[in-house]
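Chain D is fixed; fit chain E onto it per the hints.
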Amino acid sequence: MVNLTKRIGALVLRLAAFGAALAALIVMVTSHERASFFAVSLEAKYTDMAAFKYFVIANAVVSVYSFLVLFLPKESLLWKFVVVLDLVMTMLLTSSLSAALAVAQVGKKGNANAGWLPICGQVPKFCDQVTGALIAGFVALVLYVLLLLYSLHSVVDPFLLQKS
Amino acid sequence: MQMAVSKLVLAATSRKSYKVLLGLRVLAFSATLSAAIVMGLNKETKTFVVGNVGNTPVKATFTAKFQHTPAFVFFVVANAMVSFHNMLMMAMQLFGGKIEFTGFHLLSVAILDMLNVTLISAAANAAAFISEVGKNGNKHARWDKICDRFATYCDHGAGALIAAFAGVVLMLTISAVSISRLAPPNKCSYSTAATPSVIP
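Going down the list, the sequences are from chains D and E. Every letter in the first sequence is one number past the one before it in UniProt numbering, and letter 4, counting from 1, is 4. Every letter in the second sequence is one number past the one before it in UniProt numbering, and letter 118, counting from 1, is 118.
Next up, chain D with everything else stripped away, as it sits in the complex (with noise of 0.2 angstroms):
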């Protein structure tokens, strides 16, 4: 009984972050603004910034492998593998969210002695845009590290249940 609860609670968890992670990666495809600016005009889009397409990229491997894990069976024996797959999908979604905050704060903030001006007064909605994809991929961050220690926890079972 306790086992189908935790199961149960597992999958919950996992669905969350393919949502989470579905959102980020929806919400920043989605984000282009075309402002004028003294017959300039300029467009914005994620493609603009490298670290904007690999966040991209990173959100969308992570989904598809969520979605897939999703459907795997109780007794498999690829239930190892998947604690090793957890590890490396959570490297992905840390190392493409810090890229794109890093890269987000200098255009929010500019970077004064670089010589690079904030670009988010001329483009609000597109920056908006882009902190809610990011703040969805933080969302999907917090949910895949809960998801490591459960696969950890369910991988090398019961023996450490019994000693911690």
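Warning: the hint list may mix true and false statements.
Below, a list of computed lysine to aspartate or glutamate pairs in the EDC-like style, where the Cα atoms sit at most 16 angstroms apart [said to hold, decoys possible]:
hint, chain 1, residue 1, chain 2, residue 2
1, D, K6, D, E33
2, E, K139, D, D48
3, E, K19, E, E100
4, D, K53, E, E132
5, D, K45, D, D128
6, D, K108, D, D48
7, E, K139, D, E43
8, E, K135, E, D148
9, E, K139, E, D155
Hints are computed from structural coordinates only; laboratory data are not their basis.
Leaving out everything else, chain E in the frame of chain D:
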């Protein structure tokens, strides 16, 4: 329960994974420490001619420091934290004595290693993408590249980045080895741990 404890002890002190883990930790410690130090001491000052007043050129001095970019500050701090973690784990492995053999210790080492893997990969990637903007500029946002003017700064930063990425790969391997040490040696899929011939 006693048999289970001794099985775990044998898994933890099995000589191959013990030496491998120690060697990997030494490498990861040196890689992340060198990345932190090289980026921490990264500074370049240059004077440029910014204009002409009549016939005399006007010079101004510019400095490129790592503190100017928050991503690089995060890079230095994260690399320092990960190298400290590796040093701590090495010390515990060498001088830990009896604590090393408890399940709680092995589990906490595995979890801490996993968290540090994510930390170092985040830091390395953030610095990498910011450096890419600094090297190539960004036409859409009208951000100029700075590497053509501060070549030494960029080179040192690139060296620190390479060391950090080596640290990422090493930390991932260390994490995998720590997780594999958690399993008792009789499991058929973990054949790297030495299987005991006699169960005490």
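Next on the checklist: For each hint given before, does the structure comply? Return the numbers of the non-compliant ones in rising order.
Outcome noted: As far as the earlier hints go, 1 and 9 are violated by this structure, in ascending order.
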